[in-house]
Amino acid sequence: MTTYSKLVDVTVCTGCRACMVACKNWNDLPVETQAYSGGYQSHEKPTGKTWNVLQMKEHETANGGFEWLYRHSACYHCADAACEKVCPEGAITYGEFGSVDIDQEACVGCSYCVYNCPFDIVELADYVTEDGDVRQRAQKCTLCEDRLQEGLQPSCVDTCPLDAIVFGEREEMLKLAEERLEKAKQFFPNAQIYNPPGVGGTKMFYVLADKPSVYGLPENPEVPTSAVLWKDIAQPAGKALLGVTMMGVLTGYVTNKLFNKGEHHEEGGEVDESKHG
Amino acid sequence: MKHTDCALIIGGNPAANHPISMRHLQKARDERGAKLLSVDPRYTHTSSKSDLYAQLRSGTDIAFMGGLINYAIENGLYHEEYVKHYTNASFLVTDDYAFDEGIFSGYDEGDRSYDNSQWVFQTDDEGNILKDESLSDPRCVFQLLKKHFSRYDIDTVISITGTSKEDFIEVAETFCGTADPNKTGTIMYAMGTTQHTKGSQNVRSYAIIQLLLGNVGRPGGGVNAMRGECNVQGSTDFALLFHLMPGYLSAPNASENHRNLEAYKAAETPSGGYWENTPNFLVSLLKAYYGDKATSENDFGYDYFPKGRRNYSHISLFEAMFDGEIKGMFTWGQNPVVGGPNSRKEKKAMENLDWFVSIDLWETETAAFWTEQSGADPTNIDTEVFMLPACGPYEKEGTVSNSGRWMQYRYQAIEPKNDARSDAWIVHNLANRIKKLYEGENNPVAEPIQALSWDFGQGDYPEIDLIAREINGYDLKTGRTVESFAVLKDDGSTSCGNWIYSGFYPDAGPGEEKNLSKRRDDEDTGMDNYLNWSYAWPLNRRVLYNRASADPQGNPWASDKEAIWWDASQSSWVGHDVPDFGADVDPNSEGGTDAFIMRGYGKASLYSADGMTDGPFPEHYEPYESPISDNPFSKVDLNPAVKIWDGKMNDRGSVSEYPIVATNYRLTEHWQSGSMTRNQEWVSELMPYMFIEMSEELAEEKGISERDKVVVESARGSIEAYAMVTKRFKPFKVKGKKVHQIGMPWHYGYQGIATGEIANVLTPHIGDANTMIPEYKAFLCDVRRANS
Amino acid sequence: MMELSRRQFLKLSGATAATLAVVELGFDPKKAQAESNEFKIAHSEVTPTICPYCSVGCGILVHVKDGDVVYTEGDPDHPINRGTLCPKGNGIRQLYTSEKRVERPKYRAPGSTEWEEVDWDWALGRIAENVKKTRDESFVVEEDGMTVNHTEAIANLGGAALENEEVYMIQKLMRGLGLTYIEHQARI
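Chains as they are written, first to last, in the working numbering: chain L, 1 to 277; chain Z, 1 to 788; chain P, 1 to 188.
The following block holds chain L by itself, in its conformation from the complex (with noise of 0.2 Å):
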């Protein structure tokens, strides 16, 4: 089967934010304005409301020189997710094109996505159901998966100006992520392929400019063991011994003490972006 990915070339991008507007106006979402930064950046991160986030930061490279790396932040639509491990209710699943997805009819804001997230990405916002009643649901970056259903590209890669954010098959992605690296080792000598193995890879990948920890991402981003275990081992026992209704009840219970916020933080990197405009 083919399977797609949406490549991140930070190299080449200017910082310029449409992939941030795009994704409001295609999906319509709202303002979540925030305290100033100290810098340009607007959000610290990706919210259920604000779906990406171009993240900056100045950085100054051991040789002296002086570089403002950009970074566009959103769901990396692991091919191993946590947040579809966890997820009680079977809302969370993968779509064709590669995004993982999360039902919002199906989804009850319980926060365990929220809190497995191995990136900080997913988180509640406001959903109104189709009888007009207003829900906390997770939310996050679809993909714009009812545009690609219909041929389109997502939002935030039409709109880009550098094609820094593309999209495509995958094969043809991690393709053209090993020429972009070529091409962007000219400017920055430490640029690397970011798509990290312990997530089983990921579905939004990144040419970076320098290591990982330099932007404050993981190095090697695992989906907690504790998640491993709940959705292969214990949560479909649960569901064979005490059906469906009653694994419900439990629920809450066993996973509240199985995850903790916290677990998943990444070793080293400077996590607070946002003060360096």
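Hints listed in this document are in silico derivations from the structure and should not be mistaken for laboratory results.
Take the hints with a grain of salt, since some may be wrong.
[As the list claims (entries may be wrong)] Taking lysine to aspartate or glutamate and the EDC-like style, the derived pairs with C-alpha atoms no more than 16 Å apart in a straight line are:
1) P:K65 with Z:E415
2) Z:K435 with P:E129
3) Z:K709 with Z:D630
4) P:K40 with L:D146
5) P:K132 with Z:D100
6) L:K183 with Z:E31
7) P:K100 with Z:E757
8) Z:K436 with P:D121
Start from chain L and add chains Z and P according to the hints.
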């Protein structure tokens, strides 16, 4: 841009302000290995994508470019054949021209102005310019240029620009490398270049280096102004400026030279060059203005045109308003309370108006100048204020012209929101009402407005198509639109509202639609010219002076830089673009290498004998407010030809009180005075707050921490904003001493969703010697932590 | 193999397919209901325009549906931007949808502390009278034996964001009235 080998980006930040242009530069980089050089007071988004960033103190462009010019000449890095054939390098200048201690000959100190009759070329008895093709005569332009810029040695240059020597040399080597005929380099600039007391000469300095390197009129070359508004090209072409009429004809003034039509024609029609047609363009324009009331008996209504008697530019306008001379004002999508220099003074000046009409989508700071929120006392302001809701760009239809002179059609996507109306509707209905008020009056005051033809249909909305036809021009006998400005006449048989646009609506009979700006064929017709997409004035030419893309014999300088070339078998210029040259003029014939067809003598000006008010060559002077008092190039600190405004609320700051250099700029997310963008949520959320960018060193000296509120004060006023402490600003070393510079966006004001204090409270009323464009980009201030 | 031609956009407009439930978020429940279960731009009317901001001149497509602007995006056929846009250009949808638009003509009387809403007829009538009064009081027909036909008491500012046809009309009227103070953003 895609075809360039090197882009020198100075006085502009395209990655932030013209993001799509970076797309084309990236292609040049990917496909040709083009180099990007960013020269700027601070490290910008553009710098982050450049091969080299070189620091430049605000207001020292001419020093920097003078250094490049000197470097190119000293090292033989210029395109000799191009210089010889396409520029005025060989022209001999009379002995009257001199330059001494910062002053050119012909200077009147009392008037602060030059008499440029001392800068002319030597001529023979028939008026032909004398030349020395060997470029060795000490009075030839090339030798004078060489001498003038020999003073711009690297050490002197960098001692005031604050650039590091290594960076300067790398820029010089890289950019001057495009003197190779196989290569081209482009200069991209914006308001960081023009908003200075010597802004025009800044641009001249770019043009000179580009002419020396043979980079004008060629693919991937040029001096590219990245302009700020979607139709600032068109609004300039259509002369929303006091000194012009549509198509760059001079506006008549109350001098003997313009006393009547004959005098005007005599004064404004040069011999040689395309401006020889001035009488045809002017009379056709008068016919467009006054229709049947323009007859040969009344000089085609020439006297109806207002004649001015002085400079009426933006600063003059607000000074006059401040002095109570102006009683009424219209603003169409303009917001001077945020965007004007010394904006506190401009806002105060508005209190003297009897009436004011703001036509805008939003209630701007200017529309609200009288409110308590703006800091005013409404009860003491007797101005009648009208706020007329204009509709948005896709709620109406018409054309806009981009900075490449492409005239593109905008269609209407939706009905105007609420009770908004298009500007066309507003001006149309206003004109009809005013004309009605004058009906039946019989006096000389009423006569000019009664004579004005206003024939845009009988409906409530004016017919865009009728306006288009009037702009293009038509034959008054047949009613058919003209094919081009070449057929315009000075006998009153043709009418044309703007000759440079003539040809976009060609040869259409009454009722026949033929608007070429609507064309949408996106096929590349060669070298990214897209000749069938929209329309470019003049006559669909995409690159001006493209004759210079070929060598004197008519062959392209380089095989991958073709634009047009001479095809001897067809006896015609052919190629990827419409020739900006006589299509059948043989390169070996008389005038066959006069590539710069708008110049009287067909050559580009290394030396400007009559184009500038402040000297034939650029010369470095310090900004009006400068951190140094010893200009190393001469004893003259300030451009000697600028007008100095005195009077209230416009004090000049000194370095002892205000030691820090300041500049302002734009952000990607906001636009101009911010009224368009600060009223929208998505872009406001990305840049919600006013801030002051400063170096870590300055912050430390002043005890300022990241995210503190700071006060910035100039001699005009003070503002408060967040501190943005950044590594992207570094102190300059100027003449051995440390000089700090700060920067700030100028988009913010007190109206809208994203609000902040107004940067232009700080800037002075002082303008460029030629254009009166204000010096926003270099002024003095001080910074301190706000008391919290 | 997925066909990703950008040119599909124009073909797509008017398509009736409703293939995927769109996740609609909370800030406009009514709209969310109306549009759920239908591809966002499936029935939209698409109109090309040119970006109103900088002078690069990018092409933009405006999607209109049920009397509202539902999406704006780069024009994929436009040679300058080929479907891409900067954040400002991308967001021009909110030029229409913004709550901050001035809804109808307003007037503020001398000394008043507030606006009052007026109709167009009254506003234009009053402005025309003001123009005539100021013009008539300040108009100079002749000066030092030369016909000058000007008024220096009225100023006209602006126009860089307007269309050519509009600026042509504005400068024609203003010069026709004899104004000398005609300026706009190109100067500053």
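Check your understanding: Does D100 of chain Z lie within 16 Å of K132 of chain P when you go C-alpha to C-alpha?
Key -> 53 Å, violated
Point to revise | K436 of chain Z paired with D121 of chain P [C-alpha distance capped at 16 Å] | key: Cα-Cα ~14 Å, so holds.
Check your understanding: Are the Cα positions of K65 of chain P and E415 of chain Z separated by 16 Å at most?
Key -> 12 Å, holds
Review point. Taking 16 Å as the top limit, are the C-alpha atoms of K40 of chain P and D146 of chain L close enough?
Key: 9 Å, holds
Practice item. Quickly compare the C-alpha distance for K709 of chain Z and D630 of chain Z to 16 Å and report which way the hint goes. Key: Violated, at roughly 34 Å.
Check your understanding: Is K435 of chain Z within 16 Å of E129 of chain P, Cα to Cα?
Key -> Answer holds: K435 of chain Z to E129 of chain P is near 11 Å, not above 16 Å.
Point to revise | Agreement of K100 of chain P and E757 of chain Z with the hint, judged by alpha carbon distance not exceeding 16 Å | key: Violated, because 20 Å separates the two Cα atoms, which is more than 16 Å.
Review point. Under the criterion that the straight-line Cα-Cα distance not exceed 16 Å, is the pair K183 of chain L, E31 of chain Z satisfied?
Key: Distance of about 11 Å is within 16 Å: holds.
The structure is inconsistent with the numbered hints 3, 5 and 7, although it conforms to all the rest.
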